[in-house]
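So the sequences go chain by chain: A and B. Just so you know, we're using this note's numbering here: the first sequence kicks off at 1 and counts up by one. Just so you know, we're using this note's numbering here: the second sequence kicks off at 1 and counts up by one.
Because the hints were derived from the structure by calculation, they are not lab data. Please note: incorrect hints may appear among the correct ones.
What the hints assert, rightly or not - Computed cross-link-like contacts, SDA-like style, restricted to lysine to any residue with a CA-CA straight-line distance of at most 25 Å:
#, chain 1, residue 1, chain 2, residue 2
1, B, Lys285, A, Glu234
2, A, Lys205, B, Glu126
3, A, Lys32, A, Lys425
4, B, Lys341, A, Val378
5, A, Lys425, B, Ala325
6, A, Lys100, B, Lys285
7, B, Lys374, A, Gln434
8, A, Lys427, B, Thr322
9, A, Lys45, A, Gly153
10, A, Lys208, B, Val235
11, A, Lys431, B, Arg26
12, A, Lys144, B, Gly245
13, A, Lys144, B, Lys241
14, A, Lys36, A, Lys425
15, B, Lys411, B, Glu126
16, A, Lys425, B, Asp340
17, B, Lys307, A, Ser148
18, B, Lys411, B, Glu430
19, B, Lys241, B, Glu260
20, A, Lys229, B, Gly245
21, A, Lys421, B, Pro319
22, A, Lys229, B, Arg248
23, A, Lys425, B, Ala58
24, A, Lys433, B, Asn326
Said to hold, decoys possible - Here are some chain A residues pointing at chain B (derived, C-beta under 7 Å):
#, residue
25, Asp63
26, Gly84
27, Ser90
28, Val97
29, Val102
30, Asp107
31, Asp145
32, Ile225
33, Lys229
34, Leu231
35, Ala423
36, Lys425
To be verified - If you want the ones that stay clear, here's a sample from chain A, every Cβ over 12 Å from chain B, calculated:
#, residue
37, Lys32
38, Lys42
39, Thr60
40, Cys134
The beta-carbon is built from N, C-alpha and C at its ideal position, and this holds for glycine as well.
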Amino acid sequence: MNKAWIAALIALAPLSAETIVIQNATVMTVTKGTLKGSVVIKDGKIAEVGEKVMVPQGATVIDGTNQYLIPGIIDCHSHIAADGGINEGSVSVSSMVDIKDVLNPEDIAIYRALAGGVTTANILHGSANAIGGCTLPIKMRWGKDAQSLIFEGAMPGIKFALGENPKRAGNPQGGRGAATTVQARYPATRMGIEDTIREAFNEAKAYKEEWDAYNARVARGEHLIPPRKDLKLEPLKEVLEGKRYVHAHSYRADEILMLIRVADDYGFKIRTFQHVLEGYKVAKEIAAHGAGASTFSDWWSYKVEAFDAIPYNAALMAKKGIVVSLNSDDAELMRHLNSEAGKAMKYGGVSENDALAMVTLNPAKQLGIDNRVGSIEVGKDADLVIFDKFPLSDYAKVQKVLIDGTVYFDRDNEVSGRPAKQAEKQKLIDKEKQNQQRQQPARRPGAPGGQQ
Amino acid sequence: MKKLVTALVFVCAYAFAQAPSTFAIRNAKIVTVGGPVIAKGTVVVRKGLIEAVGENVAVPSDAWVVDGEGLTVYPGLIDSLSTVGMPGAPATSTTATAGRGGRGQATPATPGTPVTAAAPLARGPEDRPATTSWVVAADEIQATDRRIETVRSAGFTTAVTFPTRGIFAGQGSIVDLLSGEKAGEMVLVPSVGQYISLTRAGGGGGMGGGFPSSLMGTISYIRQIYLDAAHYQLVKDTYAKDPRGMERPAYDRALEGVLESKRILFPANRLVEIDRMLRFAAELKQPVILYGVHESYRPEAIQVIKKYGAPVLVSLRWPEPTRDANPDDVDSMRTLETRDKAASAPALLKKAGVRFALYSDGLDQPRDLQRAVKKAMDGGLSREDAVRALTLSAAEIYGVADRMGSIEKGKIANLVVMRGDIFEDRTKVELIFVDGRKYTPAPDTATPGGRGPATDDPGGNR
Numbered sequence: 001m002n003k004a005w006i007a008a009l010i011a012l013a014p015l016s017a018e019t020i021v022i023q024n025a026t027v028m029t030v031t032k033g034t035l036k037g038s039v040v041i042k043d044g045k046i047a048e049v050g051e052k053v054m055v056p057q058g059a060t061v062i063d064g065t066n067q068y069l070i071p072g073i074i075d076c077h078s079h080i081a082a083d084g085g086i087n088e089g090s091v092s093v094s095s096m097v098d099i100k101d102v103l104n105p106e107d108i109a110i111y112r113a114l115a116g117g118v119t120t121a122n123i124l125h126g127s128a129n130a131i132g133g134c135t136l137p138i139k140m141r142w143g144k145d146a147q148s149l150i151f152e153g154a155m156p157g158i159k160f161a162l163g164e165n166p167k168r169a170g171n172p173q174g175g176r177g178a179a180t181t182v183q184a185r186y187p188a189t190r191m192g193i194e195d196t197i198r199e200a201f202n203e204a205k206a207y208k209e210e211w212d213a214y215n216a217r218v219a220r221g222e223h224l225i226p227p228r229k230d231l232k233l234e235p236l237k238e239v240l241e242g243k244r245y246v247h248a249h250s251y252r253a254d255e256i257l258m259l260i261r262v263a264d265d266y267g268f269k270i271r272t273f274q275h276v277l278e279g280y281k282v283a284k285e286i287a288a289h290g291a292g293a294s295t296f297s298d299w300w301s302y303k304v305e306a307f308d309a310i311p312y313n314a315a316l317m318a319k320k321g322i323v324v325s326l327n328s329d330d331a332e333l334m335r336h337l338n339s340e341a342g343k344a345m346k347y348g349g350v351s352e353n354d355a356l357a358m359v360t361l362n363p364a365k366q367l368g369i370d371n372r373v374g375s376i377e378v379g380k381d382a383d384l385v386i387f388d389k390f391p392l393s394d395y396a397k398v399q400k401v402l403i404d405g406t407v408y409f410d411r412d413n414e415v416s417g418r419p420a421k422q423a424e425k426q427k428l429i430d431k432e433k434q435n436q437q438r439q440q441p442a443r444r445p446g447a448p449g450g451q452q
Numbered sequence: 001m002k003k004l005v006t007a008l009v010f011v012c013a014y015a016f017a018q019a020p021s022t023f024a025i026r027n028a029k030i031v032t033v034g035g036p037v038i039a040k041g042t043v044v045v046r047k048g049l050i051e052a053v054g055e056n057v058a059v060p061s062d063a064w065v066v067d068g069e070g071l072t073v074y075p076g077l078i079d080s081l082s083t084v085g086m087p088g089a090p091a092t093s094t095t096a097t098a099g100r101g102g103r104g105q106a107t108p109a110t111p112g113t114p115v116t117a118a119a120p121l122a123r124g125p126e127d128r129p130a131t132t133s134w135v136v137a138a139d140e141i142q143a144t145d146r147r148i149e150t151v152r153s154a155g156f157t158t159a160v161t162f163p164t165r166g167i168f169a170g171q172g173s174i175v176d177l178l179s180g181e182k183a184g185e186m187v188l189v190p191s192v193g194q195y196i197s198l199t200r201a202g203g204g205g206g207m208g209g210g211f212p213s214s215l216m217g218t219i220s221y222i223r224q225i226y227l228d229a230a231h232y233q234l235v236k237d238t239y240a241k242d243p244r245g246m247e248r249p250a251y252d253r254a255l256e257g258v259l260e261s262k263r264i265l266f267p268a269n270r271l272v273e274i275d276r277m278l279r280f281a282a283e284l285k286q287p288v289i290l291y292g293v294h295e296s297y298r299p300e301a302i303q304v305i306k307k308y309g310a311p312v313l314v315s316l317r318w319p320e321p322t323r324d325a326n327p328d329d330v331d332s333m334r335t336l337e338t339r340d341k342a343a344s345a346p347a348l349l350k351k352a353g354v355r356f357a358l359y360s361d362g363l364d365q366p367r368d369l370q371r372a373v374k375k376a377m378d379g380g381l382s383r384e385d386a387v388r389a390l391t392l393s394a395a396e397i398y399g400v401a402d403r404m405g406s407i408e409k410g411k412i413a414n415l416v417v418m419r420g421d422i423f424e425d426r427t428k429v430e431l432i433f434v435d436g437r438k439y440t441p442a443p444d445t446a447t448p449g450g451r452g453p454a455t456d457d458p459g460g461n462r
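Build the full structure now, drawing on both the sequences and the hints.
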């Protein structure tokens with residue numbers, strides 16, 4: 001009896017406080033070079049990294065021989081895992097909406113992203129508005145509930161958008177002279193976008209002053225009715241207070257400079273320029289502002305403002321001292337960000353390590369979570385990916401993905417589990433068909449109430 | 001004196017001849033729901049109330065006697081979320097699309113109905129888009145709605161009927177399904193809660209239409225409304241205490257409507273939605289009832305519902321395969337699973353001790369309703385529990401179990417008398433008593449499918 005208990009306890013032990021050792025892999029730490037060695041994971045954190053490590057008693061050992069271990073990939077621009085639309089496109093300032101409210105932990109794109117080695121993603125509002133909705137980074141904790149996806153403690157963000165997308169809704173649908181027009185929404189020009197952002201921050205400043213004055217008077221012991229809480233202006237107030245990052249969708253050099261000027265005027269910072277395809281033209285200015293740049297490797301010409309893009313963009317911006325990341329903006333592209341990083345080596349001669357940093361450490365820095373993720377260092381979250389080949393290659397396949405030291409994707413299990421899943425599904429399909437057939441003859445043709 | 005009494009009796013008798021107010025159903029099986037089943041007993045109904053129930057109850061001399069041999073008496077069924085009697089809802093199944101979408105879009109509004117469709121595009125929460133929170137179902141009831149008779153013929157004596165258009169659609173009322181009466185007589189409780197849907201005023205296209213045009217927009221709007229309502233209340237109270245020197249708060253009927261509502265009804269079908277909406281209701285500090293809840297067959301869903309302790313209303317419109325779908329399209333595992341297991345949700349909820357009731361969700365035709373309930377029974381719900389979920393449980397959820405939901409002395413005389421066991425194919429409704437008034441069921445003129453779901457697809461995109 002007692003023995004059975006102890007056996008059961010031993011069997012259960014690894015589930016709770018699991019210690020894992022990934023052995024004999026090529027470990028690309030990003031911050032501390034690449035080594036052939038092992039990584040010890042305790043309580044979801046990286047406990048030790050080295051060529052030779054002691055395997056603690058009872059640890060689960062994952063053999064990494066001939067395999068590569070990298071930090072979990074981070075996508076700084078994604079729209080997966082959200083229900084009911086990612087654009088609140090009815091208004092030009094939609095800061096009242098928040099992706100956090102509509103997270104969908106059951107979006108299959110999460111699992112697919114995991115299978116591509118992504119462990120963290122910045123889930124952004126769309127680009128239909130000059131000032132879009134609130135955003136946040138999530139971890140790909142597939143199988144957990146919505147709240148458990150949220151990257152705990154990470155600074156939330158807000159999406160801004162410049163150029164064609166936000167001004168499009170201000171123009172008649174189908175372009176000039178189109179027969180069908182929708183009610184025009186201001187603005188319809190790039191000038192109008194600047195004005196929209198300035199007006200919003202004028203409002204936000206007044207709102208902040210109102211609240212600051214109220215708080216000051218309350219602190220003096222006065223009893224007052226608080227000002228009305230405005231969900232549109234709250235996030236902008238937070239931007240002014242440095243409590244919320246601005247991620248600005250942008251393409252052209254002129255509008256990038258415009259937004260930097262606006263930010264300087266109102267005393268806030270742009271955390272990242274997103275897409276930023278002409279960033280190479282104004283890299284010095286972006287660097288001086290202290291903004292990061294999150295761009296595509298080689299995706300352009302899908303609209304006029306994306307014509308002046310070059311695949312050297314990432315490398316050139318990095319050379320000017322900008323923290324550069326490569327993002328997906330797409331559920332499919334998200335699954336092979338590793339090879340997107342590889343392209344930075346081809347175009348611009350970025351080193352292996354720096355290229356890998358563009359999909360790990362750099363996006364972590366841009367999201368302000370580099371103290372937790374982005375590299376393989378002692379004390380950081382055990383968000384790790386095992387590839388079978390050199391990870392920046394197109395031929396590399398993800399073998400295992402760990403988040404907080406828990407395996408969330410295992411290629412072997414995935415592949416071997418497919419027949420069983422397929423059979424289970426077929427069983428349901430057959431059952432439904434049978435039920436339908438059983439109901440069919442019972443129904444007299446044309447009889448009332450036959451459908452159920 | 002004696003003459004006068006005789007005269008009075010005569011007058012009364014004359015009145016009763018028109019519409020008798022005392023009945024006795026004797027020798028019937030009585031499923032009281034509140035207490036044990038009486039194998040053979042008598043129910044006495046007087047002036048709209050249950051005067052007595054039991055095995056050895058004397059039949060009053062002035063009662064109209066119904067011989068209950070071979071009959072079973074159940075409490076009148078309560079449809080815990082309905083649109084019966086609401087203007088603008090179609091009388092029959094003209095817009096049925098079995099399964100999704102139907103509500104609202106295809107239904108033309110009758111003049112004078114508060115609808116939001118024609119309103120100018122909203123530019124933000126301050127325009128109060130898709131909001132008619134001040135509308136009370138009791139004020140809108142159309143006693144001439146033909147659906148009243150249809151639904152009653154299925155054994156429903158009571159409906160909790162709601163305005164269902166818009167985000168804040170309005171306040172539901174508990175009504176007894178009397179025919180051709182003054183609407184006011186039908187009303188038991190004028191306001192039981194605010195019906196909230198996650199409709200997007202802008203149509204969900206993202207661009208163009210009005211605010212809100214996304215699920216997160218709708219959620220943000222609901223959140224702003226409750227912030228505004230709290231602020232409004234505070235300003236109003238302060239002003240009422242001492243108006244001198246204070247700016248007068250502007251009257252806002254949208255907020256008045258929200259403040260009047262003692263609970264909210266939120267849509268949630270999928271597990272994700274159940275989790276999301278319960279968390280949201282807790283954030284808003286509003287007592288909540290979830291409606292839809294087809295994925296509550298999932299253990300995680302039941303866990304969440306139990307955690308928040310919210311009652312749920314399970315839609316009887318079980319998910320069906322899309323008709324005329326491309327045969328090459330295979331639904332996702334989750335969709336297949338939900339179609340297979342949704343009807344087992346009531347049994348699982350019961351087992352977990354969750355407060356739940358069943359609602360018609362636009363299934364008006366007696367046959368459709370009977371089959372839908374039967375499906376839940378096939379999914380493991382006992383007949384006893386199925387009856388409870390359509391009677392006492394509904395009454396408890398809305399806080400009116402002290403006057404209805406079971407056959408008990410002093411409660412409202414809402415009864416349904418059947419030949420055979422309820423929810424079985426061959427069982428016939430013989431008589432229905434609503435507020436002590438006797439009705440016979442209308443002949444079954446069913447057209448399949450009902451009139452489309454009363455609740456919308458909660459939560460938006462799939």
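Hint check:
Between B/Lys285 and A/Glu234, the direct Cα distance comes to roughly 20 Å. Compliance with the 25 Å bound is thereby established for this hinted pair. The straight-line distance between the Cα atoms of A/Lys205 and B/Glu126 is roughly 20 Å, inside the 25 Å bound, and the hint therefore holds. Restraint check for A/Lys32 and A/Lys425: not satisfied, since their Cα atoms lie roughly 47 Å apart, outside the 25 Å limit. Restraint check for B/Lys341 and A/Val378: the C-alpha separation of about 47 Å exceeds 25 Å, so the hint is violated.
Using a Cα cut-off of 25 Å, the hinted pair A/Lys425 and B/Ala325 holds, with the two alpha carbons roughly 18 Å apart. Restraint check for A/Lys100 and B/Lys285: the C-alpha separation of about 19 Å stays at or below 25 Å, so the hint holds. Between B/Lys374 and A/Gln434, the direct Cα distance comes to roughly 18 Å. Compliance with the 25 Å bound is thereby established for this hinted pair. Distance hint between A/Lys427 and B/Thr322 is fulfilled; the C-alpha atoms sit about 19 Å from each other, no more than 25 Å.
Restraint check for A/Lys45 and A/Gly153: satisfied, since their Cα atoms lie roughly 16 Å apart, inside the 25 Å limit. With a C-alpha separation of about 20 Å, the suggested pairing of A/Lys208 with B/Val235 holds against the 25 Å cut-off. Taking the CA atoms of A/Lys431 and B/Arg26, the gap is about 46 Å. The hint is violated against a cut of 25 Å. Between the alpha carbons of A/Lys144 and B/Gly245 the distance comes to roughly 54 Å, so the proposed pair goes past 25 Å and is violated.
Annotation: proposed proximity of A/Lys144 to B/Lys241 is violated, straight-line Cα distance about 50 Å (limit 25 Å). The hinted pair formed by A/Lys36 and A/Lys425 fails the criterion: a straight-line CA distance of about 43 Å is larger than 25 Å. Only pairs whose Cα atoms come within 25 Å are accepted, and B/Lys411 paired with B/Glu126 is rejected, the gap being roughly 45 Å. Annotation: proposed proximity of A/Lys425 to B/Asp340 holds, straight-line Cα distance about 11 Å (limit 25 Å).
Between B/Lys307 and A/Ser148, the direct Cα distance comes to roughly 16 Å. Compliance with the 25 Å bound is thereby established for this hinted pair. A threshold of 25 Å between alpha carbons decides the hint, and for B/Lys411 with B/Glu430 the separation of about 21 Å falls inside it, so the pair holds. Using a Cα cut-off of 25 Å, the hinted pair B/Lys241 and B/Glu260 holds, with the two alpha carbons roughly 20 Å apart. Our distance criterion of 25 Å between C-alpha atoms is met by A/Lys229 and B/Gly245, whose separation comes to about 23 Å.
A threshold of 25 Å between alpha carbons decides the hint, and for A/Lys421 with B/Pro319 the separation of about 22 Å falls inside it, so the pair holds. As the CA atoms of A/Lys229 and B/Arg248 are separated by approximately 19 Å, the hinted pair is consistent with the 25 Å bound. Of the supplied pair hints, the one linking A/Lys425 and B/Ala58 is violated, its CA atoms being roughly 60 Å apart against a limit of 25 Å. Taking the CA atoms of A/Lys433 and B/Asn326, the gap is near 15 Å; set against the 25 Å cutoff, the hint holds.
Among the interface hints, the one on A/Asp63 is violated; its C-beta lies about 32 Å from the nearest C-beta in chain B, farther than the 7 Å criterion. With 7 Å as the threshold, the beta carbon of A/Gly84 comes within range of chain B, its nearest partner Cβ sitting at about 2 Å, so the hint holds. For A/Ser90, the shortest C-beta to C-beta distance to chain B is roughly 4 Å, which falls under 7 Å, so the interface hint holds. Proximity of A/Val97 to chain B holds as hinted, the smallest CB-CB distance being about 4 Å (cut-off 7 Å).
Contact between A/Val102 and chain B, as hinted, is supported at the beta carbon level, the nearest pair being about 5 Å apart and thus within 7 Å. Interface hint at A/Asp107: violated, since its Cβ lies 9 Å from the closest Cβ of chain B, which is beyond the 7 Å cut-off. The beta carbon of A/Asp145 comes within 6 Å of a beta carbon in chain B, closer than 7 Å, and the hint placing it at the interface holds. With a cut of 7 Å, the hint placing A/Ile225 at the interface with chain B holds, because the nearest CB-to-CB distance is about 6 Å.
Given hint, A/Lys229 at the interface with chain B, holds; its Cβ is 5 Å from that chain's nearest Cβ, closer than 7 Å. Below 7 Å, beta-carbon pairs count as interface contacts, and A/Leu231 has one with chain B at about 5 Å; its hint therefore holds. For A/Ala423, the suggested interface contact is broken, since its CB lies about 11 Å from the closest CB of chain B, more than 7 Å. For A/Lys425, the interface hint holds, the least distance from its beta-carbon to any beta-carbon of chain B being 5 Å, beneath 7 Å.
The claim that A/Lys32 lies off the interface holds: its Cβ sits roughly 40 Å from the closest Cβ of chain B, which is beyond the 12 Å cut-off. The beta carbon of A/Lys42 is kept farther than 12 Å from every beta carbon of chain B, the shortest such distance being approximately 29 Å. Every CB of chain B lies more than 12 Å from the CB of A/Thr60, the least distance being 27 Å, so the non-interface label holds. Interface exclusion of A/Cys134 from chain B breaks down, the closest Cβ pair being 9 Å apart, not more than 12 Å.
Of the hints listed earlier, those the structure fails to meet are numbers 3, 4, 11, 12, 13, 14, 15, 23, 25, 30, 35, 40, in rising order.
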